[in-house]
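2 protein chains.
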Amino acid sequence: MTEMDVALVGFGTVGQGVAEAIATKNHVLEQSLGDKVRIVAAFDSSTYAADKKGLDPLDLVKRKAAKGKLGKVRKDSIAEMLKTLDYDTLVEMTPTNIKDAQPGLAHIKAALGKGRDVITSNKGPLALKFRELANLAEKNGCELRFEASVGGATPVINMARELLVCERICSIRGIMNGTCNFILSRMESEGIPYEPALREAQQMGFAEADPSYDIDGIDSACKAAILANAIMGLDITVHDVERTGIRGINLDAVNLALQEVTSRGAEVSPRLIPRGHPLSISGTLNLFHIRTDLAGEITVAGRGAGRYETASAVMADVYTVMKLRGSTGQRD
Amino acid sequence: MTEMDVALVGFGTVGQGVAEAIATKNHVLEQSLGDKVRIVAAFDSSTYAADKKGLDPLDLVKRKAAKGKLGKVRKDSIAEMLKTLDYDTLVEMTPTNIKDAQPGLAHIKAALGKGRDVITSNKGPLALKFRELANLAEKNGCELRFEASVGGATPVINMARELLVCERICSIRGIMNGTCNFILSRMESEGIPYEPALREAQQMGFAEADPSYDIDGIDSACKAAILANAIMGLDITVHDVERTGIRGINLDAVNLALQEVTSRGAEVSPRLIPRGHPLSISGTLNLFHIRTDLAGEITVAGRGAGRYETASAVMADVYTVMKLRGSTGQRD
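So the protein sequences, as listed, match chains L and E.
Read in order, the letters of the first sequence are residues 36 to 367 in the working numbering.
Read in order, the letters of the second sequence are residues 36 to 367 in the working numbering.
Chain L on its own, in the form it takes in the complex (with noise of 0.2 Å):
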């Protein structure tokens, strides 16, 4: 038996999650591929923890818990930290900065750069500089892989680009938004005002006491920038996403938030779908709904977010990559 060395920075919801989530499954990785995660080290916003041996995942569940803290004070930046630790994958969870990606972008580089792969949930690097950071994988023969950054627990990535790989893609459009389709779903089906429906996602935790991010489709079309860039294999970004929020939406308007993909580009708006479709769904779930040219039409839909869910996609992804890297050596 080997072990797959992980560093996991960001320790916040997400963090937290696959931290238990290892703990949870390392006997399923072990059984299925013969591996296990070993925590190398484990980075919250200031402090650290590190330990070549491992660390204990619950422990510093625990320990973040009781202190607030994960251990040590860092006197380096975590990117500076990453080029010298001994790891063998990155699992980058910090939150998403949609001004500049950091310093997510910094600390994947700094893995991608000394040829770590990286596992990410966090969509500010990949909306703004997805084609450098594919480059730069591919040119250190390193996996980047990113399931839980569009749709939390949804498979959207991996069935596009693993089980749908002879299909030509067309088209994919969703309801990438948990929050807008919230709102939308208490205005359509109760009659109920924008205001008041929104106060109510707040009140129920679906939506943050600044909303911005999410009822101006800023979320949404950092989901649809990452899917076109992954799946349609365009090279674009967040800012290159036609982009209608719900913000103050009337009753009259539209009822579901729909993001749309194509090879022409990429667009967020209020879309109107009709009942029974695949696309009509209620509540906070995310869905994509994906046209080919055999298989027609795929729609698959799941948890977008919440702490197990978003570890869920990055297990997912850890799985990958141990048996990727198992079939062709580990290496050091």
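A couple of the hints might just be wrong.
Given that identical chains are not distinguished, each listed pair holds provided it fits within a single copy or across any two copies.
[Unchecked claim] Cross-link-like lysine-lysine pairs, in silico, BS3-like; alpha carbons within 27 Å at most: (1) Lys174 x Lys149; (2) Lys88 x Lys107; (3) Lys358 x Lys174; (4) Lys71 x Lys358; (5) Lys149 x Lys118; (6) Lys88 x Lys102.
Hint data in this document are derived by calculation from the structure and do not stem from the laboratory.
Model the placement of chain E on the given structure of chain L, informed by the hints.
Relative to the frame of chain L, chain E by itself:
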């Protein structure tokens, strides 16, 4: 560049669709894997063509359309010929026979028996002899793949087995029969009774003249048994599935035909689904709703039947077998 030599058995709608898909997609396989598919033999129910140097797939389709046959009349059974023929992979697409699974069962056993990979769209052998075939494949180091046997183009089996490896799958619910769903959708949306809805399905080509296989839930029960075996690790046959069809169902009754597989067993019956639920779709689509421990719930839907749709699922398996064989070395 190398070739994967395939024997196509069954040259009806699905077989012809696969031949056309091979012609259309060989360049994609070559680009992606450096390998192509070569058809070295093709069988319809009474004739065959064989050529070690490869048969032109579109020529086979033309010949079948023009003359109703592929070539010479067979003297031996296909199963006997599959024991002596030289090929890497059997693609088995004869019609489902739910009584004794023949002749598909004999074909698959002949190929696996001599260490050849098998890809099939035929539900019969899988719904009646799953564990025997899976064990034979494992013993002889062969792939046995059958995405096309459940849900047409919908990649439910490969998604569950390859993308959700780290998940504990608790249950699978699905709308597994497009004919039933079409009839129930028409009854529910238009308020028309069962008989005219069935006639409409027959006129539109969604239901056979003898619709028993669909409306009595046999088709769904086969699919439920295959999913239970392949994804949940059960060891059941179609006869173990509790089954309630929709024959003569009245308007007051429930409005969707739902199949369910849990670790306790499998069941087929009409069920009531709320609007806006991911399982609430109308028309002839197939849909599968998978509950897991981390992801929570994942839904995948697609076209449940059709020439190119079924070929799409076969091609996905062709790709994977080629990829696996490419990384472990061609046999022979």
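Structure-based check of each hint:
{"no.": "1", "hint": "Lys174 x Lys149", "result": "within (11 Å within a copy, 42 Å between copies)"}
{"no.": "2", "hint": "Lys88 x Lys107", "result": "within (18 Å within a copy, 67 Å between copies)"}
{"no.": "3", "hint": "Lys358 x Lys174", "result": "both (21 Å within a copy, 22 Å between copies)"}
{"no.": "4", "hint": "Lys71 x Lys358", "result": "both (11 Å within a copy, 24 Å between copies)"}
{"no.": "5", "hint": "Lys149 x Lys118", "result": "within (7 Å within a copy, 51 Å between copies)"}
{"no.": "6", "hint": "Lys88 x Lys102", "result": "within (23 Å within a copy, 70 Å between copies)"}
Of the numbered hints stated above, none is contradicted by the structure.
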